Structures are given as C-alpha cells and as structure tokens.
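Once you know that position 43 of the sequence shown is 43 in the working numbering, the rest is easy, because the numbers rise by one and skip nothing.
FYI, nobody ran anything at the bench for these hints, they're computed from the structure.
Computed from a prediction, not measured in an experiment: that's the story for all the values here.
Note that beta-carbon positions come from the ideal geometry of N, C-alpha and C, so glycine has one too.
Incorrect hints may have been included.
As the list claims (entries may be wrong) - No farther apart than 27 Å at their CA atoms in a straight line, the calculated lysine-lysine pairs in the DSSO-like style are these:
| hint | residue 1 | residue 2 |
| --- | --- | --- |
| 1 | 34 | 55 |
| 2 | 90 | 104 |
| 3 | 90 | 119 |
| 4 | 34 | 140 |
| 5 | 22 | 34 |
| 6 | 140 | 29 |
| 7 | 6 | 29 |
| 8 | 48 | 34 |
| 9 | 40 | 91 |
| 10 | 6 | 48 |
| 11 | 55 | 40 |
| 12 | 22 | 33 |
| 13 | 6 | 33 |
What the hints assert, rightly or not - Label-pair ranges, simulated between beta-carbon atoms:
| hint | residue 1 | residue 2 | range |
| --- | --- | --- | --- |
| 14 | 22 | 101 | 22 to 32 Å |
| 15 | 95 | 25 | 13 to 23 Å |
| 16 | 11 | 146 | 28 to 38 Å |
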Amino acid sequence: MDDLTKEQRHRAMSHIKATDTKIEVLLRKHLWKKGIRYRKNYALLPGKPDIVISKYRIAIFCDSEFFHGKDWGHLKEHLKSSINSVYWLKKIQRNIDRDTEITKQLHSLGWTVIRFWGKDIIQNPEECVQTIEDAILEQKIQQIELRQPSFPPPK
C-alpha cells in the first residue's frame with residue numbers, strides 16, 4: 001500500500017534522475033582522486049554505461065537497488081501487495097532482463113563489465129574503486145601478454 005497520494009507519488013518519481021545520480025557522482029569523485037580517467041554515460045556502447053574507462057575496455061554501471069531489483073525475490077513479494085503492483089513487477093523484471101542482456105552484449109564486444117549497487121558505493125566507495133583498479137590491472141596484464149612475441153621453440 002502506498003502512503004502517498006497519486007500527486008505526491010508523481011512529484012517524487014519525477015525527481016528521480018537518470019544521469020549524474022548521487023552514487024555515480026560519488027564513485028566518479030573517488031576515481032578522479034585516484035587518477036583514473038573515464039567517460040560518463042558513454043552512448044557509443046550498449047546500455048550507455050554510467051562510467052567507461054575506454055583505454056582498458058571497462059564499463060561500469062551504478063545500479064539502484066529498487067529499480068534494478070536487488071534481492072528480487074524479497075522485493076517481488078513486497079511489491080505484490082502495493083498499488084500498481086503489475087506495473088512495478090513488469091518494469092523491474094524488464095530492467096533485470098535488460099541488465100543481463102547488456103552485460104552479455106558488452107562481454108561479446110570484449111568489454112569488462114562491473115556493476116555496483118548504490119548502497120555499496122555509498123557505504124564503501126574505496127572498495128568499489130579497488131575493484132575497478134583490480135580490473136584495470138587485469139587488463140594491463142592481458143595487454144602486455146598480447147604484445148609479447150611468441151618465439152618458436154628451440155630445435
């Protein structure tokens with residue numbers, strides 16, 4: 001059951017931003033401090049990732065728990081008793097399916113995909129940055145290995 005009137009809910013929902021959200025800005029600030037340069041909302045890739053480190057082919061998504069269905073089993077049960085439950089169940093399930101599809105598309109294009117939940121970014125942005133730094137290191141190692149000449153074995 002919704003505690004807000006239809007007008008109050010409309011006003012609240014209209015203030016939800018698609019880009020430059022609190023969690024995106026927080027993560028980007030921490031990346032910038034570490035000297036990691038990026039592009040934001042990169043429209044040339046499927047799903048328009050929130051942050052892209054193109055040099056290392058890393059796409060980062062900052063997902064809010066509600067709209068991207070964290071703990072979907074529990075949330076689904078809670079939403080079944082809410083107003084407009086059919087709409088929300090369909091919308092969030094579609095978001096989950098789209099997230100999965102976008103991740104697959106990016107992987108098939110050779111990109112590393114990292115997804116963070118909003119609360120993880122807020123509670124521990126340093127850990128999120130460390131995850132990204134680990135992915136960069138992994139990409140650097142792969143790039144070096146690809147550049148190594150393969151010599152024929154001695155006869």
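In this structure, is the beta-carbon distance linking residue 22 and residue 101 contained in 22 to 32 Å?
holds, 26 Å
Quickly compare the C-alpha distance for residue 6 and residue 29 to 27 Å and report which way the hint goes.
violated, 36 Å
For the pair we were handed, residue 55 and residue 40, check the Cα-Cα distance against 27 Å.
holds, 14 Å
Given the proposed pairing of residue 90 with residue 119, does the C-alpha separation stay at or below 27 Å?
holds, 23 Å
Taken at face value, is the distance from the CA of residue 140 to the CA of residue 34 at most 27 Å?
With Cα atoms ~17 Å apart, residue 34 and residue 140 stay inside 27 Å; holds.
Would you mind confirming whether the straight-line C-alpha gap from residue 6 to residue 48 stays at or under 27 Å?
violated, 31 Å
Does 28 to 38 Å hold as the CB distance between residue 11 and residue 146, or does it fail?
violated, 53 Å
So if I understand the rule, the pair passes when the alpha-carbon distance is 27 Å or less; does residue 22 with residue 34 pass?
holds, 19 Å
Are the Cα atoms of residue 34 and residue 55 separated by 27 Å or less?
Holds: residue 34 and residue 55 sit about 16 Å apart, inside 27 Å.
What's the verdict on residue 48 and residue 34, does the C-alpha distance respect the 27 Å limit or exceed it?
holds, 23 Å
Distance restraint between residue 140 and residue 29, which requires alpha-carbon spacing of 27 Å or less:
Cα-Cα ~23 Å, so holds.
Measure nothing beyond the straight line between the CA atoms of residue 40 and residue 91; if it is 27 Å or shorter, mark the hint as holding.
Answer holds: residue 40 to residue 91 is near 25 Å, not above 27 Å.
In this structure, the hints that do not hold are numbers 7, 10, 13, 16, in rising order.
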